[in-house]
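Colleague: Listed below, chain by chain, are the residues.
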Amino acid sequence: MSTVIASPKPGKPWLATPKQRLLGVGVYLAAALVSFTLVAVSPLKGKLAYFVVFFFASLVIDFALSYVQRGIASAKDAVARGLVSVGMTLAVLPIFSILFEVVKRGYKGLSFGLFTHDMSLTSVNDPLGNGGLIHAITGTIIMVLMALIVAMPIGILTAVYLTEIRGKFAVPIKFLVQAMSGVPSIVAGLFILSAYVYPITGSLSGFAGSLALMILMIPTIARTSEEVLLLIPNDLREAGVALGGTQWRTVALVVVPAAKSGLVTALILGIARVAGETAPLVLLTGGGEKVNPNPFSGPMGSLPLYIWKCFGQGTEQSIARAWSGILVLLVIVLALFTMARFLSERKVAK
Amino acid sequence: MYKIQHMTLLENKSAEIPAPREITTKPRLSDKIFRGVVTAGGLFSLVVLGLILIYLTYQGYDVLKSQGFSFITGSAWNVFTDDSGNIDYTQTKFGIAAMLIGTILCATIAVVIAVPISVLTALYLSFYAPSSVKKFMVAIIDLMAAFPSVLFGIWGFFVLMPSAEYWAKLLNKYLGFLPFFDMQVPVFTRSPFVAGVVLAIMIIPIVTSISREIFGQTPLDRIQAAYALGATRWAMIKAVVIPYGRSGVVGGAMLGLGRAMGETVAVYTVLNIVYQINWQVLLGAGGNVASMILLKFGEAGTGEIKALMASGLVLFILTLIVNSIADLIVKSSGGKGR
Chain A
1 MSTVIASPKP
11 GKPWLATPKQ
21 RLLGVGVYLA
31 AALVSFTLVA
41 VSPLKGKLAY
51 FVVFFFASLV
61 IDFALSYVQR
71 GIASAKDAVA
81 RGLVSVGMTL
91 AVLPIFSILF
101 EVVKRGYKGL
111 SFGLFTHDMS
121 LTSVNDPLGN
131 GGLIHAITGT
141 IIMVLMALIV
151 AMPIGILTAV
161 YLTEIRGKFA
171 VPIKFLVQAM
181 SGVPSIVAGL
191 FILSAYVYPI
201 TGSLSGFAGS
211 LALMILMIPT
221 IARTSEEVLL
231 LIPNDLREAG
241 VALGGTQWRT
251 VALVVVPAAK
261 SGLVTALILG
271 IARVAGETAP
281 LVLLTGGGEK
291 VNPNPFSGPM
301 GSLPLYIWKC
311 FGQGTEQSIA
321 RAWSGILVLL
331 VIVLALFTMA
341 RFLSERKVAK
Chain B
1 MYKIQHMTLL
11 ENKSAEIPAP
21 REITTKPRLS
31 DKIFRGVVTA
41 GGLFSLVVLG
51 LILIYLTYQG
61 YDVLKSQGFS
71 FITGSAWNVF
81 TDDSGNIDYT
91 QTKFGIAAML
101 IGTILCATIA
111 VVIAVPISVL
121 TALYLSFYAP
131 SSVKKFMVAI
141 IDLMAAFPSV
151 LFGIWGFFVL
161 MPSAEYWAKL
171 LNKYLGFLPF
181 FDMQVPVFTR
191 SPFVAGVVLA
201 IMIIPIVTSI
211 SREIFGQTPL
221 DRIQAAYALG
231 ATRWAMIKAV
241 VIPYGRSGVV
251 GGAMLGLGRA
261 MGETVAVYTV
271 LNIVYQINWQ
281 VLLGAGGNVA
291 SMILLKFGEA
301 GTGEIKALMA
311 SGLVLFILTL
321 IVNSIADLIV
331 KSSGGKGR
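Residue numbers (the numbering used here), protein chains in the order written: chain A, 1 to 350; chain B, 1 to 338.
These are calculated hints, taken from the structure and not from any lab test. Even for Gly, the Cβ is constructed at its ideal location relative to N, Cα and C. Just so you know, not all the hints are guaranteed correct.
Unchecked claim - Listed next, the in silico BS3-like pairs over lysine-lysine satisfying Cα-Cα at most 30 Å (straight line):
#	chain 1	residue 1	chain 2	residue 2
1	A	Lys-174	B	Lys-331
2	A	Lys-9	A	Lys-47
3	B	Lys-238	A	Lys-12
4	B	Lys-296	A	Lys-309
5	A	Lys-168	B	Lys-331
6	B	Lys-296	B	Lys-65
7	A	Lys-108	A	Lys-309
8	B	Lys-32	A	Lys-174
9	A	Lys-104	B	Lys-134
10	B	Lys-134	A	Lys-12
11	A	Lys-19	B	Lys-134
12	A	Lys-290	A	Lys-309
13	A	Lys-47	A	Lys-104
14	B	Lys-135	A	Lys-104
15	B	Lys-296	A	Lys-290
16	B	Lys-173	A	Lys-260
17	B	Lys-93	A	Lys-174
18	A	Lys-260	B	Lys-331
19	B	Lys-296	A	Lys-174
20	B	Lys-134	A	Lys-76
21	B	Lys-65	B	Lys-93
22	B	Lys-134	B	Lys-331
23	A	Lys-168	B	Lys-26
24	B	Lys-93	A	Lys-47
25	B	Lys-169	A	Lys-104
26	B	Lys-238	A	Lys-76
27	A	Lys-104	A	Lys-260
28	A	Lys-47	B	Lys-65
29	B	Lys-32	A	Lys-168
30	A	Lys-47	B	Lys-134
31	B	Lys-135	A	Lys-260
32	A	Lys-9	A	Lys-19
33	B	Lys-135	B	Lys-296
34	A	Lys-76	B	Lys-135
35	A	Lys-260	B	Lys-238
36	B	Lys-238	B	Lys-331
37	A	Lys-12	B	Lys-93
Said to hold, decoys possible - Listed next, the stretches of chain A that the computed footprint assigns to chain B, with coverage defined by at least 3 CB atoms under 8 Å from CB atoms of chain B:
#	segment
38	68-79
39	110-122
40	206-220
With the sequences and hints as input, model every part of the structure.
Modeller: Structure, rendered in structure tokens:
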């Protein structure tokens, strides 16, 4: 004899039933209908009118529906849900607009010649095929790398001080790094102008630009590295010390290698932060039109400055050039950013 | 064979017993050097901030001394030079009040627009979004923070400005009775309003990420207690999350304000810089200290550059104060309420 135990079928009662989903779609359809008729009959016109009317109509309908079904608390909840979705949409709308417009307006100027020519023989009205931005790309690479040479050790040392030594300066240093990240880029440019260019060299150069970039880069590297080092489990440090390692050897041979990919992420984010920095370079680098491999003398071009100058010239061709420059810069920033995210997926190595 | 080797090993060991290692808490030389180097690296930010203050004060000292307090309160910028090209300080007037007011105006507009959007976004990401959507959106918003400002500037000029002008006209038409939306000359292009919208888009990522961080620290037991008492999601947010995170959001908004004040290139591109005090946010004339520096730098002589250094100093101190207050508020808001 076997007894059949009646067991309830596993269900998911929290999920929306088909009827509820239908109602949800119905709300939007009704709101669309309202917005369509209202725009047709009233003096409101344009895309904005559709959006605004649709938004309010869907909120009101949702509110009424929830009120009828479950009362006032649920109705308020429905309105809040609608509002946060709209907030989210408004926040990401500019991004998609920027990406779309940059690709739409920038791809025309892209050609292979862009990466083999400079602007020294090109005037503002020349067709897009003439000239290129090799001088800007080399300049940006040289300046960012020079900034990185100083900013990398300083940034990581700051992070090591904050997480490993935790001395009596830890609180003020954390505060100062935060304050430094808020320094306006133009102020960094003015500072290098007053402290390096006027008293020492007297002329603009790529090195002056890289000094300003360094100031802007350090806080990003320091803060990201600090977050990464905080993720390293304390067991690793204790194990290092228990094996007889000094603090120096523990940090250098255990903690830093464990955090390696995270620290690389910090460097990449630092590069991404300054790669598009424009204001200090306008003040400091002179912005040449030729490839200049020597950062210590002569004007040096850079990608943001190229965009800036082309935009300032204002002719149809130069504005098209500015958009292509933006597209190249955006691709670089996107690539750096994707790399950083990919690396930070595995922030702590085994 | 094996045995013999073993024996010799043993004998050797017993022959010379190593002295016990000295146990001490005194750091070794390598550690002392290490700590010294790291501390020096850590103090670099202090050195840089100090040097910025010293050098800008040094370069701007002549101007600040001759103008006194009217450098901040006056709004004239008339340069007179004597025959040898030096600045004649008896007649020359430098005052950046118009630009300071413009800076604060644009930054305030930006915060007023950005904070509601950012808070709603942060609430959505923290409490509404499914985890896959959340991951994607967080990546997108972080990416936006990495966009260069020249990109925002040019996009704002060519793409956003036509729409923003239209919005400005609507505001003027329907809300023109409010004093700051009122205007006598209908010039809507390149107004502080447009600059404020561009700045708002630029600070949305930072305000969102700080708000999200603060909301994420809300004690989970309270959230669950609210749900257990039958609260809807909105009731829970109103009763638990908002009281807990309010001051943090204020701090995030101030951080955004600091960023918006220091922004140069984007504002320069979209704002029509006019050297007069203008409170009408929709009128196409405004100012911003940072972009004024960039604008005047091109044709400035040595004396005028000193005035620009002094303006940079004022901007630096202003942003430093705003950022410090913001930092203190954000720091003190966490860990509260238990």
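Colleague: Confirm or reject each hint.
Modeller: Comparing the hints with the structure gives:
1. Restraint check: the Cα-Cα separation between Lys-174 of chain A and Lys-331 of chain B comes to about 11 Å, which is no more than 30 Å; the hinted pair holds.
2. For the proposed pair Lys-9 of chain A and Lys-47 of chain A, the alpha carbon gap of about 49 Å is over 30 Å, so the pair is violated.
3. Taking the CA atoms of Lys-238 of chain B and Lys-12 of chain A, the gap is near 28 Å; set against the 30 Å cutoff, the hint holds.
4. Distance check on the hinted pair: Lys-296 of chain B and Lys-309 of chain A sit about 16 Å apart at the alpha-carbon level, within 30 Å; holds.
5. Only pairs whose Cα atoms come within 30 Å are accepted, and Lys-168 of chain A paired with Lys-331 of chain B is accepted, the gap being roughly 18 Å.
6. With a CA separation close to 21 Å, the supplied pair Lys-296 of chain B and Lys-65 of chain B stays within the 30 Å bound.
7. For the proposed pair Lys-108 of chain A and Lys-309 of chain A, the alpha carbon gap of about 19 Å is at most 30 Å, so the pair holds.
8. Distance restraint check for Lys-32 of chain B and Lys-174 of chain A: the Cα-Cα separation of roughly 22 Å lies within the 30 Å cut-off, and the hinted pair is therefore satisfied.
9. Note on Lys-104 of chain A and Lys-134 of chain B: the hinted pairing holds, with a Cα-Cα distance of about 28 Å set against a maximum of 30 Å.
10. In summary, the hint linking Lys-134 of chain B to Lys-12 of chain A is supported, as the alpha carbons are separated by about 22 Å, within the 30 Å threshold.
11. Restraint check for Lys-19 of chain A and Lys-134 of chain B: satisfied, since their Cα atoms lie roughly 27 Å apart, inside the 30 Å limit.
12. For the suggested pair Lys-290 of chain A and Lys-309 of chain A, the alpha carbons sit about 14 Å apart, so the restraint of at most 30 Å is met.
13. Annotation: proposed proximity of Lys-47 of chain A to Lys-104 of chain A holds, straight-line Cα distance about 21 Å (limit 30 Å).
14. The suggested pairing of Lys-135 of chain B with Lys-104 of chain A holds, with an alpha-carbon distance near 27 Å, which does not exceed 30 Å.
15. At most 30 Å may separate the alpha-carbon atoms for a hinted pair to count; Lys-296 of chain B and Lys-290 of chain A meet this at roughly 26 Å.
16. For the given pair, Lys-173 of chain B sits about 58 Å from Lys-260 of chain A by alpha-carbon distance, which is inconsistent with the 30 Å threshold.
17. Taking the CA atoms of Lys-93 of chain B and Lys-174 of chain A, the gap is near 40 Å; set against the 30 Å cutoff, the hint is violated.
18. Restraint check: the Cα-Cα separation between Lys-260 of chain A and Lys-331 of chain B comes to about 28 Å, which is no more than 30 Å; the hinted pair holds.
19. Proposed proximity of Lys-296 of chain B and Lys-174 of chain A is contradicted: the alpha carbons are some 35 Å apart, above 30 Å.
20. Our distance criterion of 30 Å between C-alpha atoms is met by Lys-134 of chain B and Lys-76 of chain A, whose separation comes to about 23 Å.
21. A C-alpha spacing of about 12 Å is found between Lys-65 of chain B and Lys-93 of chain B, which places the hinted pair at or below 30 Å, so the restraint holds.
22. Between Lys-134 of chain B and Lys-331 of chain B the alpha-carbon distance is near 25 Å, which keeps this suggested pair within the 30 Å criterion.
23. A hinted pair counts as satisfied when its Cα atoms are at most 30 Å apart, and Lys-168 of chain A with Lys-26 of chain B qualifies at roughly 18 Å.
24. Between Lys-93 of chain B and Lys-47 of chain A the CA atoms are separated by roughly 49 Å; this puts the pair beyond 30 Å, and the hint is violated.
25. Note on Lys-169 of chain B and Lys-104 of chain A: the hinted pairing holds, with a Cα-Cα distance of about 28 Å set against a maximum of 30 Å.
26. With a C-alpha separation of about 11 Å, the suggested pair Lys-238 of chain B and Lys-76 of chain A falls inside the 30 Å cut-off, and the hint holds.
27. For the hint linking Lys-104 of chain A to Lys-260 of chain A, the alpha-carbon distance of about 38 Å lies beyond 30 Å, and the restraint is violated.
28. Annotation: proposed proximity of Lys-47 of chain A to Lys-65 of chain B is violated, straight-line Cα distance about 55 Å (limit 30 Å).
29. Only pairs whose Cα atoms come within 30 Å are accepted, and Lys-32 of chain B paired with Lys-168 of chain A is accepted, the gap being roughly 16 Å.
30. Restraint check: the Cα-Cα separation between Lys-47 of chain A and Lys-134 of chain B comes to about 28 Å, which is no more than 30 Å; the hinted pair holds.
31. For the hint linking Lys-135 of chain B to Lys-260 of chain A, the alpha-carbon distance of about 24 Å falls within 30 Å, and the restraint holds.
32. Among the hinted pairs, Lys-9 of chain A with Lys-19 of chain A is consistent with the structure: their alpha-carbon atoms are about 21 Å apart, no more than 30 Å.
33. Restraint check: the Cα-Cα separation between Lys-135 of chain B and Lys-296 of chain B comes to about 44 Å, which exceeds 30 Å; the hinted pair is violated.
34. The hinted pair formed by Lys-76 of chain A and Lys-135 of chain B meets the criterion: a straight-line CA distance of about 27 Å does not exceed 30 Å.
35. A C-alpha spacing of about 42 Å is found between Lys-260 of chain A and Lys-238 of chain B, which places the hinted pair above 30 Å, so the restraint is violated.
36. As the CA atoms of Lys-238 of chain B and Lys-331 of chain B are separated by approximately 22 Å, the hinted pair is consistent with the 30 Å bound.
37. The suggested pairing of Lys-12 of chain A with Lys-93 of chain B is violated, with an alpha-carbon distance near 75 Å, which exceeds 30 Å.
38. Counting residues of the segment 68-79 of chain A whose beta-carbon sits less than 8 Å from any beta-carbon of chain B gives 5, enough to reach three: the coverage restraint holds.
39. Counting residues of the segment 110-122 of chain A whose beta-carbon sits less than 8 Å from any beta-carbon of chain B gives 0, not enough to reach three: the coverage restraint is violated.
40. Evaluation of the coverage hint for the segment 206-220 of chain A: fulfilled, as 3 residues show C-beta separations to chain B shorter than 8 Å, against a requirement of three.
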